[in-house]
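The listed protein sequences derive, respectively, from chains A and B.
Okay, so the first sequence: first residue is 43 according to the working numbering, each after it adds one.
Okay, so the second sequence: first residue is 71 according to the working numbering, each after it adds one.
Hints are supplied without guarantee of correctness; some may be wrong.
[What the hints assert, rightly or not] The calculated lysine-lysine pairs, modelled on DSS-like cross-linking and capped at a C-alpha distance of 30 Å, are:
no., chain 1, residue 1, chain 2, residue 2
1, B, K322, B, K277
2, A, K106, B, K170
3, B, K289, B, K277
4, A, K106, B, K166
5, B, K170, B, K331
6, B, K289, B, K138
It is worth saying that the hints were derived from the structure and are not from the lab.
As a plain string of letters, each chain reads:
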Amino acid sequence: MARIRSMALIVFVLCLPFALAEEGIVPILCANGYQQLPGESAIFRAYASALAEIIQNDTTLGLKPVVVGSLGEFVEYLAFPQTYVGIISFYAASIPTELQAAMIELFGRGVGLIGMNEVAFAGNLSRSILPVFANATSEGRLTIVGGKIAMGHTYVKSDPTHPVAAGLSD
Amino acid sequence: MKVEKRLIGVLVMSLIVGSLISLYLIKEKIETPINVIDQSFPLKALAGTSELDQDKYSVAFICREALKQVAVSFSYLMPVRPNLTEPSPKVDDAEKAGEKIEQISEKFALMQDLGYAPEVTVSDVQIGGEKRTIVVYDFGVALNPALPASGSSYYATVYAVVLNKSKMIEGFYEGVSDYFFMRELSLRGLEITVNTNKTTYVSADDKAGLAAGALLAAKAPAQGRIAFSDLARNDRVSIIYRINSRYDVYPKLFAKQLYGKYLVHMVKFEIDGELARDKVLVHVIENGGYVEV
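This is chain A alone, in the form it adopts within the complex (with noise of 0.2 Å):
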């Protein structure tokens, strides 16, 4: 019985970093990267917290979301070892070249990111790292759709033997 109780306190003291372990973090930028209009900087504060109180909610996934003010932290938090995903949701032609190439850089390295709204579908990171459902991206155009004005994406299955394509209509 002695042995039990001490192999169970060895196996409980190996065990403890891992229970004690930091959960992953999960950097959230919601923003415009342009001038905003009165009100808007609040509406995507507003978007931001929400994103995180449902990341916070579901504690099957054990991540710690950190709602962050500007593109440069966004960038900065992916480097973190903690970080398992970012999530950006901004205007793809207000992120300058060198955090682009960072971006590109640390999703080399491991770090997940998904993006919402025009980063997902216009510009090099559409292209480099975010592809939505598909292997490659191409930049908005303008269409009609149902009779009203919206912004259509082309994706292209590239590759149809990658696993991500499976399932996708031609």
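Following the hints, complete the assembly by docking chain B onto the known chain A.
Leaving out everything else, chain B in the frame of chain A:
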């Protein structure tokens, strides 16, 4: 027994001279083995109006002994909200101050988890003619090796808290571990001279400079950190860099962010991997583009 007055005089003099020599020797030991022989910065930054307007920053030092490695690091900080000295405080100032402190603490905690800590320096400065204390939290020292160098003039790696005489927080600053913000737009030139050896970097539009053998400013030492190795005693090192001082060359959003009256420029020296705490230079500079609202 009668002691001659002259003898007492000689004894006292010897004691004084002896103490002075000891103090000098102790000071020599405490002080880092470089002497800063020059430092310059604009009193008013970003006040330029013409194509040629540039803000010049420089620092020069001399080695008092042979040194394996010396690194000079620059950082630049701008004020961020809230400014607790504004005549008409905003309702959410207290909340914003709390958020800022939380932001700094959050980063602090993340770094501590990794076994690192920011480099904290405390300096006395003059802001608007008043004596203030500035506490700088430099996360860049630990983070920069892990960050892609290309974005160093954008990352918020340096924070500062300004305290008044009663040690109450008056304002917050946030900045980059680099020569200035947005390096590709701002850095016009950099000259690094070790004795008579000069290396020059110029911006891509300086055709004459490039033709004369200067390197591209984009290739200037990354993260505002210039390292020198194997310096000999009496070696002189000087660093001069120039920043585009016209507000209109920067994006509108950046100009809007630079709302505060003062900017902070910092220079730090690292000798064989150790921060030279007695050589931390903090320059408070007037923001030339500041408009009172």
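We went through each hint and held it up to the structure:
1. B:K322 x B:K277: 28 Å, holds
2. A:K106 x B:K170: The given pair, whose Cα atoms are some 18 Å apart, holds under the 30 Å limit.
3. B:K289 x B:K277: 16 Å, holds
4. A:K106 x B:K166: 21 Å, holds
5. B:K170 x B:K331: 19 Å, holds
6. B:K289 x B:K138: It holds: about 24 Å lies between the C-alpha atoms, which stays within 30 Å.
Of the numbered hints listed earlier, not one is contradicted by the structure.
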